[in-house]
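Assemble the whole structure, with the sequences as input and the hints as a guide.
There are 2 protein chains.
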Amino acid sequence: MKIAIDAMGGDNAPEAVVDGTLLAQSHCSADLVLIGNEPVISGLIARGGAGPPPEVVHAAQAIEMEESGPVAIRKKRDASINIAMRMLAEGEVDAVVSAGNTSAIVASAKHHVELLPGLRRPALVVPLPTGGTPPVLLDAGAHAQAETVHLAQSAALAHIYLRVTRGTARPRIGLLNIGSEPGKGTKAVQRAFVLIKRSGLNFVGNIEPNEIFQDVIDGVVCEGFVGNIILKMSEGLAAAFVRAIGEEVGRNKTGCAGELDRVYDNFKKAFHYKHVGGAPLVGVKKTVIVAHGRSGATAISNAILLAERTVSDEVFRKMGEELEHDSSLADFRYFYASHILENLRKKWGFAPK
Amino acid sequence: MKIAIDAMGGDNAPEAVVDGTLLAQSHCSADLVLIGNEPVISGLIARGGAGPPPEVVHAAQAIEMEESGPVAIRKKRDASINIAMRMLAEGEVDAVVSAGNTSAIVASAKHHVELLPGLRRPALVVPLPTGGTPPVLLDAGAHAQAETVHLAQSAALAHIYLRVTRGTARPRIGLLNIGSEPGKGTKAVQRAFVLIKRSGLNFVGNIEPNEIFQDVIDGVVCEGFVGNIILKMSEGLAAAFVRAIGEEVGRNKTGCAGELDRVYDNFKKAFHYKHVGGAPLVGVKKTVIVAHGRSGATAISNAILLAERTVSDEVFRKMGEELEHDSSLADFRYFYASHILENLRKKWGFAPK
Numbered sequence: 001m002k003i004a005i006d007a008m009g010g011d012n013a014p015e016a017v018v019d020g021t022l023l024a025q026s027h028c029s030a031d032l033v034l035i036g037n038e039p040v041i042s043g044l045i046a047r048g049g050a051g052p053p054p055e056v057v058h059a060a061q062a063i064e065m066e067e068s069g070p071v072a073i074r075k076k077r078d079a080s081i082n083i084a085m086r087m088l089a090e091g092e093v094d095a096v097v098s099a100g101n102t103s104a105i106v107a108s109a110k111h112h113v114e115l116l117p118g119l120r121r122p123a124l125v126v127p128l129p130t131g132g133t134p135p136v137l138l139d140a141g142a143h144a145q146a147e148t149v150h151l152a153q154s155a156a157l158a159h160i161y162l163r164v165t166r167g168t169a170r171p172r173i174g175l176l177n178i179g180s181e182p183g184k185g186t187k188a189v190q191r192a193f194v195l196i197k198r199s200g201l202n203f204v205g206n207i208e209p210n211e212i213f214q215d216v217i218d219g220v221v222c223e224g225f226v227g228n229i230i231l232k233m234s235e236g237l238a239a240a241f242v243r244a245i246g247e248e249v250g251r252n253k254t255g256c257a258g259e260l261d262r263v264y265d266n267f268k269k270a271f272h273y274k275h276v277g278g279a280p281l282v283g284v285k286k287t288v289i290v291a292h293g294r295s296g297a298t299a300i301s302n303a304i305l306l307a308e309r310t311v312s313d314e315v316f317r318k319m320g321e322e323l324e325h326d327s328s329l330a331d332f333r334y335f336y337a338s339h340i341l342e343n344l345r346k347k348w349g350f351a352p353k
Numbered sequence: 001m002k003i004a005i006d007a008m009g010g011d012n013a014p015e016a017v018v019d020g021t022l023l024a025q026s027h028c029s030a031d032l033v034l035i036g037n038e039p040v041i042s043g044l045i046a047r048g049g050a051g052p053p054p055e056v057v058h059a060a061q062a063i064e065m066e067e068s069g070p071v072a073i074r075k076k077r078d079a080s081i082n083i084a085m086r087m088l089a090e091g092e093v094d095a096v097v098s099a100g101n102t103s104a105i106v107a108s109a110k111h112h113v114e115l116l117p118g119l120r121r122p123a124l125v126v127p128l129p130t131g132g133t134p135p136v137l138l139d140a141g142a143h144a145q146a147e148t149v150h151l152a153q154s155a156a157l158a159h160i161y162l163r164v165t166r167g168t169a170r171p172r173i174g175l176l177n178i179g180s181e182p183g184k185g186t187k188a189v190q191r192a193f194v195l196i197k198r199s200g201l202n203f204v205g206n207i208e209p210n211e212i213f214q215d216v217i218d219g220v221v222c223e224g225f226v227g228n229i230i231l232k233m234s235e236g237l238a239a240a241f242v243r244a245i246g247e248e249v250g251r252n253k254t255g256c257a258g259e260l261d262r263v264y265d266n267f268k269k270a271f272h273y274k275h276v277g278g279a280p281l282v283g284v285k286k287t288v289i290v291a292h293g294r295s296g297a298t299a300i301s302n303a304i305l306l307a308e309r310t311v312s313d314e315v316f317r318k319m320g321e322e323l324e325h326d327s328s329l330a331d332f333r334y335f336y337a338s339h340i341l342e343n344l345r346k347k348w349g350f351a352p353k
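For the protein sequence lines, the chains are A and S, in the order given. Under the numbering used here, the first residue of the first sequence is numbered 1, with each subsequent residue one higher. Under the numbering used here, the first residue of the second sequence is numbered 1, with each subsequent residue one higher.
Hints may be right or wrong, so weigh each one.
Covered by chain A, according to a simulated footprint, are these stretches of chain S (three or more residues, beta-carbon under 8 Å) [what the hints assert, rightly or not]:
1. 64–74
2. 140–150
3. 180–191
4. 206–212
5. 226–232
6. 236–250
7. 259–265
Listed next, the in silico DSSO-like pairs over lysine-lysine satisfying Cα-Cα at most 27 Å (straight line) [said to hold, decoys possible]:
8. A:K76 to S:K347
9. S:K187 to A:K76
10. S:K187 to A:K187
11. S:K76 to A:K346
12. A:K347 to S:K75
13. A:K285 to A:K2
14. S:K76 to A:K347
Keep in mind that the hints were calculated from the coordinates and are not lab data. A virtual CB, placed ideally from N, CA and C, is assigned to each residue, including glycine.
Set out below in C-alpha cells:
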C-alpha cells in the first residue's frame, strides 16, 4: 500500500506535514510519498533524522488557503494536490491525504479521480462525539452551499457509508433542521425532506441538533456550511467545558486531590475530542482524506493512519459496490425531476387531478 | 405598564402559558393580559387559585405550530397573536410575549407593528453562554434563510442593540463563517462580508464558531437557520456534559463525597444554560419577546419578566433613536445597490477602469 501526502497543504505546511509523515512512518506499514517542493521537503526530512527517508515527488506549484479551489486547480496544473490526485487516479498510490485548501482538494478529486456513478458531488463525513456511539454527519464542509438534490444524495451516501463501516443494515438517517415539522427550514431543506421521504432509506425525518445526543439517528445530513459550523462550535464548547471543570477542580483541592484529579481525567478523556485527524471525502472512487487546515504533526500522522485503515478496510471500493445494488441515487434524480415537473404543472395551471 | 401574552402559542399552550402568567404576576408590577379562547383561559385561571385574576381578551382563532406564518396570519385574522400585535400597535399594551409559531409571530409583528425605518426584516437576538460576558447572536431564527442585505442589516442591528443594552460605544461585530478568509462560506455570506467591511461598524471580519469562546467579539451575525442550529446544538452538548460529569462524580464517590458534590454543583451552575425565557425580536418598533416553543410555566414567566425589563429599560425605543443617528442601514442599501451595479457592469463588459 502506498499513500500520497500533500506536503504543501495546511496552515503549518510543509514543516508539520513532513514531521507528521515521519511520525506516521513508525506506526504504519504503508509506503508514504510526500508531494511538494523537493529541495525544501528533502531538507526537512534530513533534519528529521532517524529511519529510512520517505519518497519525495516534486511539485512546482502549491495552492494557498485563500485561493478559490476550482480556479486554482486549473491555473496551477502542477500544484502538489493535483499531482497527488493524478497519482491516485492512475493507481500509483492508494490514498491521498491533504490538510490544504478544502475547496481545492474537493475540486481536484472531482476532476482527476471521478465520482461514484449517478452522484453530483462528494461530501466530507465526520463522527459527532456524543458520549455514546457517535452518529456521522455529512457534509462537514466539502461544499459550503447545498441544493435539494445534494442534500438528498448526502442521505444516500450516509446510508452506504454506515452500511460499509458499521455493518448496520438499515441505518437511521435524519435531516438536520430547526424544527421537527416538514415545513421547517430553508427551501432546499424543505424540498430535501420530501425527496428523502419518498426514497427507500430508513429516514427518521427532521432532527433538531439537541436530538443528536439522544441516540435516535446513525447519520445526519446538512449542507457543508452548517456541518462545519456545528463541528467547530462543538470543539469550542468542549474546550470551554474542559477548561471550566479543570479550574473548578483546581479551586477545590483540599484533602481529596487524588480523587478530584481522577474525576477530571476521566471527564477529559470522554469529552475532549479524539483527534481522528481527518475526514474521508466520500463519493469519489478512491480514498481521499481531508485533514484540518490547522493540523500539527500529530493530526497529520493520525490522518495518514486513518487513510491506511480506510484503504485496508476497502471502504471506498465497497461503497461503490453498495451503490450498484442500491437505486436510491438514481431514484433521487427521478424524484427530483418529477418534483420539478409537478411544480411547473401547478404553476402553469395544467396540474393533473 | 401592560404586557399581552399570547395564551394559545406554544407546545404546552394554553395550560403552561396561563400557569406561567400567574407565576409572573407575583414577581412583576406590570399588568398582564392573556389573549386567547376566553372560556378556556378563564377556566384555567380559576383553577390557578390565589391572587387577582389577570385580564383576558378573547381570540376566536389560534395559529398552530406547523402552519406557515405569513399565510396563517392572513387567513386567521382573529388569531390570538394578531389580536395581541394589534393591541401593541395601538398602544393598548407595551409588549407582546408569545411561545407560538415563530414565523407567525414575526409575520404578525411585521404586519401590525412596523419595522424601524430602512430595515427589511427583524431578527431574534440571544446571548451565547461562553463562560465570560456572553456575546449576542442574531438572527437566532426569525427567518430561516438570509440574503446578503439581511445579514448586513443584522450587523447594524447587533451594533445598535449592544450600544443600547451594554453601553459599548463601538461593539465588535463578527460574521459567522467556516473560515477566516474573505472568500469563505455561502455566496450570501461572502457578499455580506464585503458590505459590512465598507460600513462604519467595528467589523472584526469572519468569525469561526470556536472563536466565539475567545472574547474577540461582542456580537455575531448569521442566518436564522444557522443561528438556531447553534443554539440547539449548544443546549444539547451542555446537557450531555452535565450528565457525564454527574455520572463521573457519582462513580468516584468514596471519602470525598462532599468535595466532589461541591465541584459538580459549581460546574452545573456555570454551564447549565440560564433560562432567560425568551429572545427580543429586534428591528420592530415595539417590544416583542419570542419564547421557546417548548416553554413550560417557568420559561413563560421568565419571558414575561424579560419583557418587563426590556420595556422599562426602553430598549426598543432607544434602538429607534440610535438608528436615526446612525446611517449604516441606509448605507447598506446604497452599498448593495452599487455592488449589484458593479457586477452587472463587469458582466456586460463596461466596467470602469
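Hint numbers contradicted by this structure: none
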